[in-house]
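Asker: Chain by chain, the residues:
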Amino acid sequence: MIGERWINLAVPLALLAVPLYALMADEPFTITLATRATILALAAVGLNIALGIGGLVSLGHAVFFGLGGYAMGILAFHAQNYSPLEIGPLTFAGTKSMPVIWLVAVIVSAMAALLIGALSLRTSGVYFIMITLAFGQMFYYFAISWSAYGGEDGLSIYVRNGFPGLNTLVPIQFFAVCFVVLCLALALNAMLRASPFGLALNAARQVPQRVETVGLNPMRLKLMAFVISGAITGLAGALFADLNRFVSPSMFSWQLSGELIILIVIGGVGRLMGPVVGACLFVALEHWLGGLTDFWHVWLGVVLLGIVLFARGGVVGLLTGKAGPHV
Amino acid sequence: MSLVLIAEQVLNGLQFGVMLFLMAAGLTLIFGVMGLINLAHGSLYMVGAFAAAAVAGATGSFLLALVAALAAAALAGAIVEMVVIRRLYAAPHLDQVLATFALILIFSEGTRWVFGSFPLYLDIPDWLSGPVTLPGGIAYPLYRLALIGVGLAVAAGLWWLTARTRLGIQIRAGENDREMVAALGVDISRLYTLVFALGAGLAGLAGALVGAIQSVQVGMGEPVLILAFVVIVIGGIGSIKGAFIGALLVGLTDTLGGIFLPELFKLFMEPGAATQTGSALASMAIYILMSLVLVWRPSGLFGARA
Amino acid sequence: EVKVGMITTLSGGGAGLGIDVRDGFMLAVKQSGRDDIDVVIEDDQQKPDIAVQLADKMIQSEKVDVLTGIIWSNLAMAVVPAAVAQGKFYLSPNAGPSALAGAGCHPNYFNVAWQNDNLHEAAGAYANTAGHKNTFILAPNYPAGQDALTGFKRFFKGDLAGEIYTQLGQTDYAAEIAQIRASGADSVFFFLPGGMGISFLKQYADSGVGLPVVGPAFSFDQGILQAVGDAALGVVNTSQWSKDIDNPTNKAFVETFQAEYGRLPSLYASQGFDTANLLISALDKAAPSDADAFRAALEAADFSSTRGAFRFGPNHHPIQTIYAREVIKEGDVFTNKIIGVALEDHADAYAAECKM
Amino acid sequence: MLEVRDLTARYGASQALFGVDLTVAEGQAVALMGRNGMGKTTTVKAICRIIPSQGTLTLEGKDLHRLPSFRVARLGVGLVPEGRRCFRDLTVRENLLATARPGDWTLQSVTALFPRLGERAGQRAASLSGGEQQMLAIGRALMTNPRLLILDEATEGLAPIIRQEIWAAIARLRQETGMAILLIDKSIRELAQVSDRAVIVERGQTVWQGAMSDLTPEITERFVGV
Amino acid sequence: MSEPILATHALCKSFGALTATDDVSIDLRAGEIHAIIGPNGAGKSTLIAQICGALAPDAGTVELLGRDVTGLSTQARAQAGLARTFQISALAMEDTVLDNALLGALGAAGNPWRLWGRVSRDAALRDRAMAALDRVGLADHAGTRTADLSHGQRRQLEVAVALTLAPRAFVMDEPMAGLGAEGSRVMTGFLDGLRQEAPILLVEHDMDAVFALADRISVLVYGQVIATGTVDEIRADPAVRAAYLGEEA
Ligand SMILES: Nc1ncnc2c1ncn2[C@@H]1O[C@H](COP(=O)(O)OP(=O)(O)OP(=O)(O)O)[C@@H](O)[C@H]1O
Ligand SMILES: Nc1ncnc2c1ncn2[C@@H]1O[C@H](COP(=O)(O)OP(=O)(O)OP(=O)(O)O)[C@@H](O)[C@H]1O
Ligand SMILES: [Mg+2]
Ligand SMILES: [Mg+2]
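Residue numbers (the numbering used here), protein chains in the order written: chain A, 304 to 630; chain B, 9 to 314; chain C, 2 to 357; chain D, -3 to 222; chain E, 21 to 269.
For the record, the hints were derived by calculation from the structure and aren't laboratory data.
Glycine included, C-beta positions come from ideal geometry on N, C-alpha and C.
Honestly, I wouldn't trust all of these hints.
To be verified - Derived contacts from chain A toward chain E, CB cut-off under 8 Å, selection only:
#1 H381
#2 A497
#3 P499
#4 Q509
#5 V510
#6 E515
#7 T516
#8 V517
#9 G518
#10 N520
#11 L526
#12 H590
#13 L592
#14 K625
#15 P628
Claimed, not checked - Covered by chain C, per the in silico footprint, the following chain B stretches (three or more residues, Cβ under 8 Å):
#16 78 to 90
#17 246 to 254
#18 299 to 308
For reference, chain A alone in the conformation it holds in the complex:
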């Protein structure tokens, strides 16, 4: 059995080592894969704040992922076409600067999370899962038929957005950007769960009535968690769009929301490194199994089933020998 502390240290190092090795071995695609894993991990780290600590099983986190993606897509689209972005009487210039795009992505997804959270938190349990799914589907169908930005076809951005002082087109540099963001999010997550807020949120998941009787409002705690969670996932969406230089409604799809949950469950619910381990494993499986046979999904299914049946508390749980929180 390995202490969780070691895992928390080893996993990011391993994730860093892979692209560095690939750089030396001149396998740029491996860097792209690592970047994909990093970004998906970031999205799942966001979800894990709501899900792992707050117990909010959101099947609508693709909303924030997609909003982040479209924030990037729309801003860069207008910059690319030199056309201003008009919202009612206001006009904005598009931009190809990552920091600006990130800021917009975070703000937009946080606001959406506030709204969706405020409505959804009236419910709990499976009803919560389904109402968040409903919001996800609304955004999805809206995006599909929103022809101004490509509808179902999506939006292509020809050149990756820029980050001051870096050439983001170089795979390893873009990876570095994503990796640093992921580490910051992990640090935020670790800080949150040890903080007073984390303690209260953790209790709000398990016994909301107890939290009330000590004078705290469990709803507001959960809403706060949902907003932070949505903002991080939104940021991941912006990065994902930049990785692909493309956004489409599939970023809003319920399959994506489900995939984020699945990443977390594979890694270990409520574990700091759960989402990271889950994302790396999933991307690696997808990549390796995909080459084996046309029917590789069967084997992916078998591996996932093995994880559920034999690794209580996900892979991190298996390594540490402890089950995670009950969600």
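Starting from the structure of chain A, add chains B, C, D and E with the ligands where the hints point.
Answerer: Just chains B, C, D and E with the ligands, lined up with the frame of chain A:
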């Protein structure tokens, strides 16, 4: 739009609702009663449709095909329950989500492995095909009327089973406290295998019945799964009555929304854009309905638990 | 030695199309007898983000010269602009979104199948010939569906009894059929690819409405037709290819395909086959590393197509004849028979917007 | 009829029972005593096969370790669990019927014993008062017509007057049906009145057992704290 | 007589046809333990739920420290100085005993919005939590997972969490439930001392404890207060004996 057309569309909406109920019935049973989030329900639906198509192809008998669908899906369900689900009752809900997601992958690609990548042929039998004329002059497909009949029968049967039989009481008791039911002398494992098989069988039956007027293909189960979840959540989990009302509501909303929203938008937009906007909104309609219902009543229309 | 990257859909519900494109393509490669063509095939799972990453992989790691294989317009839109911007050639065996035919055209992008509107335009033209005066049209509410109705209307001269956008992935069409029945239409045009079309046709046949139906080939293609069954009999559909097009290449293709894979080839298989042959014909003249010469060789389209005469327009999209076919039953097998030409030497509507 | 020897059990990594010995003879009432957290409930759970355990565990010579939980119940062990654990979403009536087995105890006789359950027959168990739930749990166990009734804190949270009724009912049960009973309760006074024997556990081990009459105040003071 | 700390005025609550509390007016004064007893289903827990804000009364008001709190939420009442324990323990089972106590301390501090800094390193919170655990005798178990506690220990923790709030009034729903004889005795001694800090509204079926502790007793039967008085008065009341006490005492 004539009154007869409107009446026909309302009938279509109801009929679609009953069809949704047929698809959701098995899910309500498993989900409401056993508290299990079974994402693989859509796969069992697909198994039923494929089994029916295979048997109908081989024997030419639609009734045999239905029996085969029921049996194949129930068997698949029983196996799945004994091999996988049984170990997960005590596990967190999310483990069940992951496990049943894995099952979707296995079922979908496994089916493609066995049956190939192309849709299969399954059609309405001659004795049920073609329209009949209803009072009011509506020409309505006989098969759809038959679907309504089966849906109503399933609804009544399920309600009777869970509310009126001792088996049903035991099943519901098991959802509250599995350990205690066992400690008081009920073979809960067998009971759950039975329920799961029954739920799966209903899914398979729905797959075959609905498959006859739709496309029998890999992946046909996933959209159904989402719709079925929407239905049972609107109705309130664990309530057969809720699922039934929920299904009718969703059916009506979807059908009538698809027709009237574009018309509505045509009142103040040019026709092309109105159709597009209207149908975009129509595709969101059931989700809007669901969130309104849940914001209004956080545990569905007939949900027991707060 | 050339390396070709094929990104196509090999798993999930849409796998049939990708498999046919791949099989047609590989058949042509095999028949060419060349062993210097290395085809790398990957499954995009019908997901745009996966497709983009596979393209990255093929360009960065596999260092391919030519990309091909994508089935769906939205995936093509995700992959093609970036790939051709990086100097790779892309040969489309299926998707032809209007954005890539008009202002977004590119010297390194060639479409060997059709521009998305083509078959719908032909359906409009056929409807005129067939004497339809008042047609009811429907398609799913997404870009390809919107293009389809636009394409049909571009050529159809009669009136529209109704125009509906259905939901993407919809499976029940009772409401639409009721509207058709009530609309007083004399015919129906629909574009509902994949399972949607199967569901619609079965339900339409059972409803007893019985008006003549016209549609693009997608819902009547070899792979899907068996699943539609009797409901499709007699329906007229438009296609640039059919297994009974009478030329030696096509005859040989149908025979060898059947011999190799044990099934009748589909539209998609023919497109994959033609794509490979176009590529081979260009390779005979120049290497992809010599981009200008290779491009010129592709533009010449100096290969013998299963469709007979084949040439590219100025925007690298085909100028080709589109046929009207009718669904028939040959023994136990449903298939298509050409009943006439819908549009002769047809080019797409966007060529003028293409500046290259 | 029930024989437990050297029973050990654990919750995950932590061991809770270190060797419990206990016998209940036909028609006997045995009190299981001990301080909070000493393993009384764990012993009961092991007997009912709700948690795994090791050691000797036999009922009328049958090895319970070979049987799943429901078979033990069908051999005639009726459990009133700690914390009531009524089926929340079922009505009172359904709670009673869900696991009923044929025998002398029927809906009529149970509602005669606890009239309040009759009054609340159609109400969901979750909305019952604490005491009502306790009555329901006892009634539910009786409806399985057990030969060995296990009562784990069965009078917890009941009004004195009802508690007296329940003790009276237990005494009556013993006299009229000869049912064997294993009792856990905090009220030593009442335990002493109805039980023949006492078993005291401390830190997961049996530390004393014998006839109720032999249970001196010194012993209870030492092991139970009163 | 001093101003009551906590008072209800004519509280009424019905569930359908059933009147669970019927015109209940009781009060709690500084330094006293006021016990509420009554048959099962008499409406005691329902009364507590209304006092603490978990249930809205159909009619009547609740007054805390002279202020009408009827319209306030549970958490607002807790902030105003009301601490409650549950009849069935409501604790964060996956967390440690200390975490549960810390939650109380955090509630008392009133600010859960600090997103940084380890809560366990916060000396003020920690001291407050440990002091409460110490008082109920759970200090040694601070690091134990709450799920691993025995029933009785959970009851103690339940009280400890209430203690961390340093409330102006306690409302306790059967704190002795599940405690062994010894545990009850210890708890009784403990509550006896606690009344100096804040008065206790005590619902309890353990008559030994009630008679030992209560300054006043109110008897609730079918939702109505049928008697209020000292221990001796209540013991002697024939109506109470018939409805509740039986031959006991
Ligand atoms: N689910 C559990 N997981 C881990 N440990 C447990 C669990 N349940 C009980 N324990 C531990 O096992 C020991 C025995 O507990 P048990 O419930 O059997 O005591 P008890 O004698 O019934 O006490 P009480 O009188 O308080 O009910 C206790 O130390 C408790 O901490
Ligand atoms: N939500 C509800 N719906 C219907 N009836 C209810 C509800 N909650 C409580 N009751 C009923 O109200 C009455 C009072 O219940 P309450 O829980 O207040 O009793 P209590 O005095 O606390 O009893 P005990 O001492 O047994 O805990 C009971 O008869 C109970 O069945
Ligand atoms: Mg106990
Ligand atoms: Mg109570």
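Asker: A separate judgement is required for each hint: does it hold in the structure or not?
Answerer: How the hints compare with the structure:
| no. | hint | verdict |
| --- | --- | --- |
| 1 | H381 | 34 Å, violated |
| 2 | A497 | 4 Å, holds |
| 3 | P499 | 5 Å, holds |
| 4 | Q509 | 4 Å, holds |
| 5 | V510 | 5 Å, holds |
| 6 | E515 | 4 Å, holds |
| 7 | T516 | 5 Å, holds |
| 8 | V517 | 3 Å, holds |
| 9 | G518 | 3 Å, holds |
| 10 | N520 | 5 Å, holds |
| 11 | L526 | 12 Å, violated |
| 12 | H590 | 35 Å, violated |
| 13 | L592 | 35 Å, violated |
| 14 | K625 | 11 Å, violated |
| 15 | P628 | 6 Å, holds |
| 16 | 78 to 90 | violated (count 0) |
| 17 | 246 to 254 | violated (count 0) |
| 18 | 299 to 308 | violated (count 0) |
The structure is inconsistent with the numbered hints 1, 11, 12, 13, 14, 16, 17, 18, although it conforms to all the rest.
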